[in-house]
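The primary structure of each chain is shown beneath.
There are 4 protein chains.
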Amino acid sequence: MISFMNDYSECAHPRIMKMLMEANCEQNAGYGEDIHSEKAREYIKEHLQNKDVDIHFIPGGTQTNLLVISSFLRPHQCVIAAATGHINVHETGAIEATGHKVIGIPVKDGKLTPDAVRQALDYHTDEHMVQPKMVYISDTTEVGTVYTKAELNALHDICRKNELLLYMDGARLASALTSRENDMELNDIAELTDVFYIGGTKNGALLGEALVICNQDLKEDFRYLMKQRGAMMAKGFVIGMQFEALFQDRLFYELGQYANQRAEKIADTLITKGYSFYMPPCSNQLFPILSKEKITQLSEKYQFIVMDEIDEDHNVIRLVTSWATTKESVEELCRDL
Amino acid sequence: MISFMNDYSECAHPRIMKMLMEANCEQNAGYGEDIHSEKAREYIKEHLQNKDVDIHFIPGGTQTNLLVISSFLRPHQCVIAAATGHINVHETGAIEATGHKVIGIPVKDGKLTPDAVRQALDYHTDEHMVQPKMVYISDTTEVGTVYTKAELNALHDICRKNELLLYMDGARLASALTSRENDMELNDIAELTDVFYIGGTKNGALLGEALVICNQDLKEDFRYLMKQRGAMMAKGFVIGMQFEALFQDRLFYELGQYANQRAEKIADTLITKGYSFYMPPCSNQLFPILSKEKITQLSEKYQFIVMDEIDEDHNVIRLVTSWATTKESVEELCRDL
Amino acid sequence: MISFMNDYSECAHPRIMKMLMEANCEQNAGYGEDIHSEKAREYIKEHLQNKDVDIHFIPGGTQTNLLVISSFLRPHQCVIAAATGHINVHETGAIEATGHKVIGIPVKDGKLTPDAVRQALDYHTDEHMVQPKMVYISDTTEVGTVYTKAELNALHDICRKNELLLYMDGARLASALTSRENDMELNDIAELTDVFYIGGTKNGALLGEALVICNQDLKEDFRYLMKQRGAMMAKGFVIGMQFEALFQDRLFYELGQYANQRAEKIADTLITKGYSFYMPPCSNQLFPILSKEKITQLSEKYQFIVMDEIDEDHNVIRLVTSWATTKESVEELCRDL
Amino acid sequence: MISFMNDYSECAHPRIMKMLMEANCEQNAGYGEDIHSEKAREYIKEHLQNKDVDIHFIPGGTQTNLLVISSFLRPHQCVIAAATGHINVHETGAIEATGHKVIGIPVKDGKLTPDAVRQALDYHTDEHMVQPKMVYISDTTEVGTVYTKAELNALHDICRKNELLLYMDGARLASALTSRENDMELNDIAELTDVFYIGGTKNGALLGEALVICNQDLKEDFRYLMKQRGAMMAKGFVIGMQFEALFQDRLFYELGQYANQRAEKIADTLITKGYSFYMPPCSNQLFPILSKEKITQLSEKYQFIVMDEIDEDHNVIRLVTSWATTKESVEELCRDL
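Protein chains in written order, with UniProt numbering: chain D, 1 to 337; chain X, 1 to 337; chain B, 1 to 337; chain P, 1 to 337.
Treat the hints as calculated values from the structure; they're not laboratory data. Owing to the predicted nature of the structure, the values given are computational and were not obtained by experimental measurement. Treat each hint with caution, since some may be false.
Note that identical chains are pooled: a pair holds if it fits in a single copy or bridges any two copies.
[Said to hold, decoys possible] Mimicking DSS-like on lysine-lysine, the simulated pairs with C-alpha atoms at most 27 Å apart in a straight line are:
#1 Lys-161 / Lys-108
#2 Lys-301 / Lys-39
#3 Lys-292 / Lys-51
#4 Lys-18 / Lys-265
#5 Lys-327 / Lys-292
#6 Lys-327 / Lys-219
#7 Lys-292 / Lys-18
#8 Lys-294 / Lys-273
#9 Lys-301 / Lys-45
#10 Lys-294 / Lys-149
#11 Lys-39 / Lys-18
#12 Lys-39 / Lys-294
#13 Lys-273 / Lys-51
#14 Lys-294 / Lys-219
#15 Lys-327 / Lys-45
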């Protein structure tokens, strides 16, 4: 079976594993205060062209989300997200477990808009309702779409005007920043959000996300909060080394681009063959609509997720590529489509 | 500088790294439902001589502790621990953050006794006070001591009689089970506790702990709870593979024993030289009492933690060995003592 | 100004105040373990024709809701409610603050249906999502509608089949049980739900709600949970005495019926005059649609809430009657309509 | 039986009941935004000689404590209290249920000292431990002692120097301020603390506490937080009226003084008869040491709490007086001692 299930099926990119192997017997300080984590922070800051951010390494995405949201909101405050947002449906109530409501607003393409934010603000008007204080977005979104700079700017503006924090979940930020739809650099993200994270798990690392706190007011005591939520690894350097490998050169972008190119090849084939898409293809997640017969046939050889039924005969499926998707697998799939 | 700071200064034991390297490009199922995690579970069950337990892999110790305690207690229930217990002082209120009080009982050697448990039970008598429902112990303890089978049996008994759950934090279980003070096997732990974890981070893994749920009543829906606390890794197989390496043969025990032997060599030297100890040496953590002058002198060449002051001229220090502590480092230290 | 704002504008019904005055200098046991609370429990059990329930007195409705939901759910479990449900929008995230997600399902008349419950169940299918475990309904609903026995039976059935707890918020249960749409007795509620509360605050008491736990499995340790949430009053007898007054005869029903009759008079006038309603009138809350001109005119003399805009010229308003609404006020309003 | 069990055995002082009766049929705004609550706030501010505080009315003491502590601390911060502090032992983990650790420091007379605070600060030094951020004291304390102005000043100073908030639980503040040991006025409390509450429940009210927020930084959004914890009563005016009655003249102090005088009479008798005390008598709670024989004998006629055993033959007992303790009861008890 060839898997197009997700982008976290393999261990780590060889250059990341090499970094771990070479440093394997070095003695490092614990809890993220080691030299490798420090180097990784420096490299990321160079990519950001910004020295004035705090960077913390955290094992996983759900943990990063619950940590960020619970650290920066007071008890009566809530977070606004697209109804399809990862925190709204796919984290088993992790945010609510820390005490905060998620306001999920239906959107058509996974992207939150100023109008959607406005809708939440207009509805929550007094002390009998939760107080919106943060906006959560993900780039790429859960349905594979990508924010443009204009869109992010507009969200930034409505957040500033309404004293809302803007938080970007960048689990798939590498794919977003190397998408043909993208017109942003990493430093744009840092300028337009209060806090965001750069995903490692879904872009070639064994595990790990790099949280970037841009807003000065949010920096204080963050290591206490990490420790409390179990997000401060004893061997923090294990994540630090991986981000060192990803950002000491442009490996982070190369892996994102490679995944996107594999997806693009599949998308082009699908378009050529006349398939339609649930969402326009532009990142490493594709959502084509296939006949059930075709789906059954492909399932014998490939792994992927079958999603919503479109009509009696058709379903959306999700195909995901990664740094580890081979050209051969893609070619084979293209032939079979 | 040679570090005796802790047992989590290096990446991973070569045999663990080898396992990861060999499996590096395999496609695995996500979220701990992969073949390597399954094999690791099977190997551990064989070591336990018990097929009837549930095993879950979790990134770190604090996360395991907060997950276990918050999953198995109702809101009004609390956990009893030694005052020195990790959850009581060194997890930044992680347990309280999930809503539960920790009752810390002063004990003399890091080990909780039936008397200490009884004291907590006798004090908490009605609905105006929290209800004790779980007993937390760690083996080895935070001060390097080790439970005997008789001691664990006695705790098991008082727990059964009072409907308390018994939970063992096994962050350093490898060192405990290979200590000369130990008279238990892994299956004794499984028989005498309701739930315990086998530490990987401090015994040669990059990261990861194996949680073993022995009590049938505690098994239901545990994966939901893991996910909610951010403890379910997308690449769960990264931890699974490491426990596969630790338990497919006896590597887990070998590493614990190796660390203990290095510590024993240091302890023997200290005893020979007439040093006294804050706690009797029996595991990979040593707590000798040194003159401040000697401490200053050693600090130029070695890293370790200086702890409580004993008198004007003396302090306790903590020396920790691990699978990665070289014989040369130990010999050098012994010469310098 | 004459207020039709709500049903909690005045202190307490004279017969309740009389009870408090007469018992004023008696010495009572604290924390709800007094004779008056005991009598009140006995009276309610007689009305329920069921001795096998536990009854607790709690100061307010939001507190009762957060206490019930947080006491009976495990951390990963959630509650299903109508999108208009009080817990979903008007309790400032009180439920989420205890760690649980509220799944709000859009419904057309404030009443949750088996189909709505089914929709929530079908969507939440695995451990990456919260687990539905409780259904929350209110009777009367937040929009003044009333459940029939058939409707409650149907909810009871789907709950039983899916191991969901059924919880009824009875803040306005007196109005519901004396509505002309109602075909249930108090004992029907006790038979068909796992837990419900009988509202005092909105039916003539100074404060207080009587929580009735019908399901045996939910009874254990409830007083601990009350105390922990600040819901166990030192002077519990103050609430106990009021429920004694409400249930030693049929005062509870008389007050609900009186409020309904005042509302009915207004509704009849509105119907006669050709006004339409946002929701069909059947309880002490009316939701007529008035021209903005009429609303402005009435606002000079009456207090009420202006709700959603229907079109450019019309809004829904909410008129609420209570045990304290005078016949004169109603007649005056009817003349002015 | 005559009860010396507590100071919350009777409904309310007649002048408070009179206020409720007279206003019984007035229509009031809900949620504490009524005229009576506003008047009560004005009266209290006059007593405080300070217009620049926010005052909120809350049903009970545990609820006030959990609301204050959870509102003003970030998740990783904790509260320091005397080990005997109400929040540490007698609120069923209410504070921990909101996510915060209580650091209980043993003290000899129920009063927290700068040394005790210092001890907690010195122990909690880094991000692996909770961060002390608030100091909780109660006046009178749980063992009936009273703070002097010098003592409160000293606590104020150490709090300012260490950026700690100072919170006073004034459940029995009336007794404290009218104690012969007291040298403070209400305005001293407001100047020296960041937030405190004035107890109504234990000083003649049916229920209710008046929370006074003195620190400007703590005022924002407090009504949201009240609502979320179920502490905002629909009929907030019921508490407002009672504080109006307590503070429109000096009833608040009169009731405290009356209770103290009754206790003083008993204490004088005990001293005369040669009894010793566990704590020196100075408020409405007395802790004399009696022989077990005497305790048994008194128990036939009086209700009180038997506390710690002093030796084989003696126990401490707690005797509590209140506004409702009759002179006859006291005389009878004195005769029987």
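Here is what the structure says about each hint:
Only within a single protomer do Lys-161 and Lys-108 lie at most 27 Å apart by alpha-carbon distance; the minimum there is 24 Å, versus 35 Å between protomers. Taking the closest pair of Cα atoms, Lys-301 and Lys-39 come within 27 Å of each other only across two copies (25 Å); inside a single copy the shortest separation is 43 Å, beyond that limit. Taking CA atoms no more than 27 Å apart as the test, Lys-292 paired with Lys-51 passes in neither setting, with 52 Å inside one copy and 40 Å between copies. Proximity of Lys-18 and Lys-265 under a CA criterion of 27 Å is satisfied in neither setting, with 29 Å inside one chain copy and 34 Å between copies.
Only within a single protomer do Lys-327 and Lys-292 lie at most 27 Å apart by alpha-carbon distance; the minimum there is 26 Å, versus 64 Å between protomers. Within a single copy, Lys-327 and Lys-219 get their C-alpha atoms no closer than 43 Å, and across copies no closer than 42 Å, so neither meets the 27 Å cut-off. For the identical chains of this complex, Lys-292 and Lys-18 are neighbours neither inside a copy (43 Å) nor across copies (42 Å), given an alpha-carbon limit of 27 Å. Taking the shortest alpha-carbon separations for Lys-294 and Lys-273, only the intra-copy value of 13 Å comes in at or below 27 Å, while the best inter-copy value is 62 Å.
For a Cα distance limit of 27 Å, the shortest separation of Lys-301 from Lys-45 qualifies neither inside one copy, at 43 Å, nor across copies, at 33 Å. For a Cα distance limit of 27 Å, the shortest separation of Lys-294 from Lys-149 qualifies neither inside one copy, at 38 Å, nor across copies, at 48 Å. In this assembly of identical chains, Lys-39 and Lys-18 lie within 27 Å of each other by CA distance both inside one copy and across copies; the values are 16 Å within and 26 Å between. For the identical chains of this complex, Lys-39 and Lys-294 are neighbours neither inside a copy (49 Å) nor across copies (34 Å), given an alpha-carbon limit of 27 Å.
Proximity of Lys-273 and Lys-51 under a CA criterion of 27 Å is satisfied in neither setting, with 48 Å inside one chain copy and 51 Å between copies. Taking the closest pair of Cα atoms, Lys-294 and Lys-219 never come within 27 Å of each other, the shortest separation being 51 Å inside a single copy and 39 Å across copies. Taking identical chains as interchangeable, the C-alpha atoms of Lys-327 and Lys-45 are never at most 27 Å apart, the minima being 33 Å within one chain and 40 Å between chains.
In summary, the numbered hints that this structure violates are 3, 4, 6, 7, 9, 10, 12, 13, 14, 15.
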